[in-house]
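2 protein chains.
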Amino acid sequence: MTIEAKLSERTKYMQANALREILKVVAQENIISLAGGNPAPESFPLELIRQLSSDALDKFGAGALQYDKTEGFEPLREALFDYLPEQGVVNVNRQTLSIFSGSQSILDIVGKVLVSPGDKIAIEAPSYVGAISAFNPYQPTYVSVATDDDGVIPEALEAVLKQHTIKFVYLLPTFQNPTGRTLPLERRKQVAALLENYDVLLLEDDPYNALRYSGETLPPIQQYAPDHVIYSGTFSKILAPGLRIGFCVAPAALARWLVIAKQGSDLHTQSFGQAIAALYLTGGYLRTHLPYIINLYRQRRDAMLATLEAHMPNGFQWVRPEGGMFLWMTGPIGLDAESLYQECIKRGVAFVPGKYCYFDAGVGLETMRLNFTMTAPEVSTKAVQTIATVAEQTIVKA
Amino acid sequence: MTIEAKLSERTKYMQANALREILKVVAQENIISLAGGNPAPESFPLELIRQLSSDALDKFGAGALQYDKTEGFEPLREALFDYLPEQGVVNVNRQTLSIFSGSQSILDIVGKVLVSPGDKIAIEAPSYVGAISAFNPYQPTYVSVATDDDGVIPEALEAVLKQHTIKFVYLLPTFQNPTGRTLPLERRKQVAALLENYDVLLLEDDPYNALRYSGETLPPIQQYAPDHVIYSGTFSKILAPGLRIGFCVAPAALARWLVIAKQGSDLHTQSFGQAIAALYLTGGYLRTHLPYIINLYRQRRDAMLATLEAHMPNGFQWVRPEGGMFLWMTGPIGLDAESLYQECIKRGVAFVPGKYCYFDAGVGLETMRLNFTMTAPEVSTKAVQTIATVAEQTIVKA
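Residue numbers (my numbering), protein chains in the order written: chain Z, 1 to 398; chain S, 1001 to 1398.
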């Protein structure tokens, strides 16, 4: 049988996520990787999770193992009714909040419910490429929105909304992946006003907000335009990604559709992990464990920033992120970060060439994404020194 | 904002699963339900899962909590390389086997990868309605295939394959939901031959095969036509559904596409549950625990069959399933099982009116699905007596 002849039309729009394919190669070799986007394994509260697994069985019994409601495990939803307003999310209730199998599955379900073939999604460039993998099967087209050091530029967004009928805007306003940039308060309000003026939806992807190492906490855009924002969060960065638990607050009429779509997609998110996450919140463990993660990552961020400062040749600049997991570095114009990457790989160091974080070809060739959370300071220092050395040689050759 | 105006075209083909909506109503009231499709909570090995959760953290450490490969948690895949051939599944290897977030998500991903709008899916009638919820967003049309007491009729399938271009056939050959029927060996071979002759794919949904209470084990259809069959299995019935772990063996070229699609849908299935399932298999616990489940369910099946025999009025007949969770009852022609259901609900007993298991309207009006696994024999006996009493009155009135 020729499987190719059997495939759906939409598979023409789908492909393996190039970034994940890079990571697979990197993982197979024995190199220092600043390429990944994983939380540090030492940030997982292993003993606590062992305890909470046992507690979940004591407290919820078979309920933690049984088929459950599509909307989510009730004790977890209740815990989030308390937690999310503390994060500045508004309108959190039974009609708006549901639990998903990781925030990736929120991207998929939002695409399923909103996107007809040819619909336009506005995306800041660069952005999280995994979102493209989620949206592509629904055959949207994309419109880039320009960004600067403060994230998406409201005037650029307005120009796009004026010129195009946009189905929804996709943004990561806080410690963005890949750049580490954060949208300032004033811009958040401006974006919210644009959403309302142009009556357009925003998918606000907010996986990193709890990982702030410096500066002041900002409210999500959702707070300023709750009827126009689908807010997406996750336990991946504050507990463990392997549990695959995301949560979504959406306008009630839309949330209902998300649940209908999820029912067909995977019935419900695994109950056992939801039970563990519920106890993690209600037991106050997030409050005690999060400072440990923050402290760990802050040291790693600071170490990497110091090494970049000390070693990178002239012509390179980088974002100084106030939180999250990544920093974005831009080389001199004409630099081919992919060649730099290939040279670094030979010396046992990996990062992500930034061009993979754009969906337009030929853009961001001189950019790169460095992860600072996975690697201990002494190791990342060595890695950055290698990148600096190779960069210096590359520039001299060029 | 009017959300309705923002929805994708495909939402017109989506709706809440009527059956799940019934179950929600039933769950809210305080009634004996033979309507559900849940495993008995007392079938879950709670203490073992507590132990395996802890063991998984000892053995895999942070690996049980970290982001993982889309294809599945490697130790679980390796365990299934041994387990699935014992179940008669062939061609099980790294290129063909992947893990999904419950078998529902296999239905979704298969729909995503194979179905273009208007493509035809051949489905035995009645069938598992959750599959319709999974396929509908991809906008297929359906072609019914007739069944009898032995399941799908090969001649009827051939007639459909002759008349229509079918994208794939969807069957539950073993202890089918909703009927409890099992396709005999000879028919399995006939179906396999048809798949090859007409070069058409089969999605073989096989959640119940391990739950055999009598009769002889049969090989899956996949064994006779591995290049034409997507085999779908799950831990929901042999461990716990709340873990949401399904597994799929497909021809390699198709399996690759299923993984690409899954990458966009949910990145990967939760690692912690996969680690628990891996230890459940490799530790030999399935072998010791499964007989307990089988014994529990066999008693319940036998009790229900005995009560039906003793109490149901003339004109009713029912399937005597050799395994699984359901039995299918057919009343005299003209019986409205929905009215019977409404009367039974008033007396505190629920079942599923069979018409909800057909996707053609007006079919199966006199049929009903009874679950025998959730309810202890003394309780189900009471429930069946109530159904019998109401049925008797209904027939007399009619």
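FYI, nobody ran anything at the bench for these hints, they're computed from the structure. Any given hint could turn out to be false.
[To be verified] Residues from chain S shown here face chain Z by an in silico Cβ test under 8 Å; the list is partial:
1) Arg1010
2) Ile1032
3) Asp1108
[Claimed, not checked] Simulated crosslink set (DSSO-like; lysine-lysine; CA at most 27 Å straight-line):
4) Lys69(Z) <-> Lys1120(S)
5) Lys24(Z) <-> Lys12(Z)
6) Lys12(Z) <-> Lys1024(S)
7) Lys24(Z) <-> Lys1069(S)
8) Lys346(Z) <-> Lys1012(S)
9) Lys1024(S) <-> Lys59(Z)
10) Lys1024(S) <-> Lys69(Z)
Being a predicted model, the structure only gives us computed values, none of them experimental. In this text, a Cβ means the ideal position worked out from N, Cα and C, and glycines have one as well.
Is it true that the CA of Lys24(Z) sits at most 27 Å from the CA of Lys12(Z)?
-> holds, 23 Å
Could you check if Ile1032(S) really has its C-beta closer than 8 Å to a C-beta on chain Z?
-> Nearest chain Z Cβ about 18 Å off; hint violated.
Does Lys1120(S) lie within 27 Å of Lys69(Z) when you go C-alpha to C-alpha?
-> The given pair, whose Cα atoms are some 30 Å apart, is violated under the 27 Å limit.
Using Cβ atoms only, decide whether Asp1108(S) comes closer than 8 Å to chain Z, and label the hint accordingly.
-> holds, 5 Å
Are the Cα atoms of Lys12(Z) and Lys1024(S) separated by 27 Å or less?
-> violated, 39 Å
Pair hint outcome, Lys24(Z) versus Lys1069(S) [Cα-Cα no greater than 27 Å] | Distance ~8 Å between Lys24(Z) and Lys1069(S) Cα, so the pair holds.
Is the Cα-Cα distance between Lys1024(S) and Lys59(Z) 27 Å or less?
-> holds, 23 Å
Verify the interface restraint on Arg1010(S): the C-beta must sit less than 8 Å from at least one C-beta of chain Z.
-> At about 7 Å, which falls below the 8 Å cut-off, the nearest Cβ of chain Z leaves the hint on Arg1010(S) intact, so it holds.
For the pair supplied as a hint, Lys346(Z) and Lys1012(S), confirm whether the alpha-carbon distance does not exceed 27 Å.
-> violated, 53 Å
Does the alpha-carbon distance linking Lys1024(S) and Lys69(Z) stay inside the 27 Å limit?
-> Within the cut-off at roughly 9 Å; holds.
Hint compliance for this structure: hints 2, 4, 6 and 8 are not met, and every other hint is.
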